[in-house]
Amino acid sequence: MPDSLVIKNLNASIGDRPILKDFSLTVPKGEVHAIMGPNGTGKSTLSKVLAGHPDYTVQSGEAFVDGEQIIGLEPDVIARAGLFLAFQYPSEIPGVTIANFIRAALVARQAKGAPFDAKAYYAELYAKMDALKMDRKFTSRFVNEGFSGGEKKRCEILQLMMLKPKYAVLDETDSGLDIDALRIVSEGVNAMRGPDAGFLVITHYQRLLDYIVPDRVHIMWDGRIVHSGGKELALELEEKGYDWVKKDLAKA
Amino acid sequence: MSAVASVPAGVLDVALQSAETAAFRAQDWFAVLRQQGWHAFQSLPMPTRDNEKWRFSDARTLSLDGYAPAPAPTPAQAADLIARSRLISDAAGLIVHVDGHCVLKPTLSAELVAQGVVFESLEDAVRARPALLQEHLLKHPVLLGGDKFAALHRAWLRAGYVLHVPKGVEVKQPFVSVTWTLTDGVAVFPHALIIAGERATADIHDFHLSAKADQRALAISAVDIHAGTGSQVRRLAVQAWGSATQSFQIDNTCGGRDAVISSVNAAVGSRRARLENTVRIDGPGADVSLYGISVASGEQEFDQRTLQVHAAGHAKSDLLFKNALLGKARTIFSGLIKVAPDAQRTDAYQTNRNLLLSPDAEADSLPGLEIEANDVKCSHGATTGQIDPAELFYLRARGIPLAVAQELLAQGFLEEVLAKVGHEEAAAAVREMLRLKFHQA
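Residue numbers (numbering that gives the first Met the number 0), protein chains in the order written: chain U, 0 to 251; chain Y, 0 to 440.
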């Protein structure tokens, strides 16, 4: 499928421990899908495997970004193919400013040796920072160093907005956010929604989905999707709790 | 073209050394100083690896053969290198040497001259200010093992500069010295004598550069800093000699009461480069910061020996040396903090961090403390590691290719020290030199 993020029968492990078990999911471009599930069910593993993290081993399966197979590719190649991962715990990068970091990521997407329009870059960067209510002084701060949880997540969304991927995987972006930060981050994501982008929002809590309203909700358990539905599924899950998943859905 | 061929005798040649010394006949004290240096050089042994102060150094390949002083450059060569020396646009003064010959004397503003600021070539100062020089020139003992090289420096002493900022004078703009090597096989002995009077402020940028990237040379430089009571002295020293150079750098700093001293030693050049950096705190309340930064690549050896001597109490010294290593490079950091028995309430710290960017690189670290006072805060630490895989993945997950990501992280590692330069244009110049190392490797 050319206009989708397609994950097909993915089996992956860390060390000897299988985590993703025949995982399949399709996110058509223009849609927002949410994956919910209890801790330890493989949600974060899914995001890291898609992004090409070297700690995970893929036994079998495939994933496609608009028809381009990405499993087995280097992480930077996957990113340039159009997949963005917003990290649950973004790393601190001492000595590298946000401005230089995002600039390097953009330069990597240009043809080799092509000139970089620094003026246009800063204009766009400042506009997006304003939208995220980030102080412009953050451009010269080192990436995530000394940031609060909310500042780190805003910085992730800033990168997302600047890099404009085809698909974005948001891994527990709501963790560690107060309501104000959650609203700002969600507005950033919502502003990017449209026919040219697909989103996979991974979360443990229904709360985020009040702000980023999904087209589809999937429930993950033991390394695969066990149940899918519309946005109301998130509310149902909130009401019934994850015991419902364990007792009823897991057996299905 | 080869100056080595045109100068048959090298720096080890007694007749040549005597002939040059004879030119200072009218400055008898200076001729004597050179002769003392020559005699000390003759009597001292070459260091060997079993000498504790040369531990881990590749002492076997030390050789002083095949290097000679070179004649003055042609006016065209000098003009070219003077043009390339304009690295700092707001310099209070600029002095340029090429192959040990002063080709540009500083011109100071009328205001600085009126305030009694002296910034001139060592040769001029030897003639014009014998009293000042006899009081301060080469008065510090050499404690870190480079005695023989220091003696040779003394024997050939001629190039360099004297900076004197008198009592109460604050100069915000940097005094800049650029010292070039141009002729293959040249031996240079640049000297810097920096005297900051009581409450004086001075900022110094020293650049050691070569006209071409693979320059072969012997460079034995020395710096003596006398920071008076309440003075503020900041110095940046950049060692960027050509890649076939042997460099020995002997830095000595004395800090008086309440003096605030900060130095950044940046190293990118030479085949082997040894830095001996001694700071002696003589007055209470002094605050000394010593920083080092390097990118070592290929088969370079950077040998860093430091000594923080607290002779007076209630003073602080802090040292941070960071090295990034590529290829088969080696760095050696050996640091000692010495606290005298009555130097109570001393705060002294020493940190060495090495980032290995290649499996064949090697970083040795020998931190040490010798504390004879009982009421002090002292610590030392050393870490040697590789790039954090989580950081690397984070950058690559943004589409940044592996090599670029590694370089960004390495530059980020060094940025902490670059921030201490305190002069944006100078920091940018050093940052660019460091950056280029990643592309030559």
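There may be inaccurate statements among the hints.
Derived Cβ-Cβ restraints for the label pairs, each shown as a range [unchecked claim]:
1) U:Pro-53 with Y:Pro-140: 47 to 55 Å
2) U:Asp-54 with Y:Leu-368: 56 to 64 Å
3) U:Lys-118 with Y:Gly-297: 32 to 40 Å
4) U:Ala-119 with Y:Glu-415: 55 to 63 Å
5) U:Arg-182 with Y:Ala-372: 40 to 48 Å
6) U:Val-106 with Y:Ser-17: 55 to 63 Å
7) U:Gly-145 with Y:Ala-372: 32 to 40 Å
Worth flagging that the hints you see were computed from the coordinates, not collected in a lab.
The beta-carbon is built from N, C-alpha and C at its ideal position, and this holds for glycine as well.
How the hints compare with the structure:
1. U:Pro-53 with Y:Pro-140: 47 to 55 Å: The hint (47 to 55 Å, Cβ to Cβ) holds, given that U:Pro-53 and Y:Pro-140 are roughly 53 Å apart.
2. U:Asp-54 with Y:Leu-368: 56 to 64 Å: 39 Å, violated
3. U:Lys-118 with Y:Gly-297: 32 to 40 Å: Distance hint for U:Lys-118, Y:Gly-297 holds at roughly 38 Å.
4. U:Ala-119 with Y:Glu-415: 55 to 63 Å: 31 Å, violated
5. U:Arg-182 with Y:Ala-372: 40 to 48 Å: The hinted range 40 to 48 Å is violated for U:Arg-182 and Y:Ala-372, with Cβ atoms some 57 Å apart.
6. U:Val-106 with Y:Ser-17: 55 to 63 Å: Given about 59 Å between the Cβ atoms, the range holds.
7. U:Gly-145 with Y:Ala-372: 32 to 40 Å: 35 Å, holds
Going down the numbered hints, you'll see the structure goes against 2, 4, 5, while the others check out.
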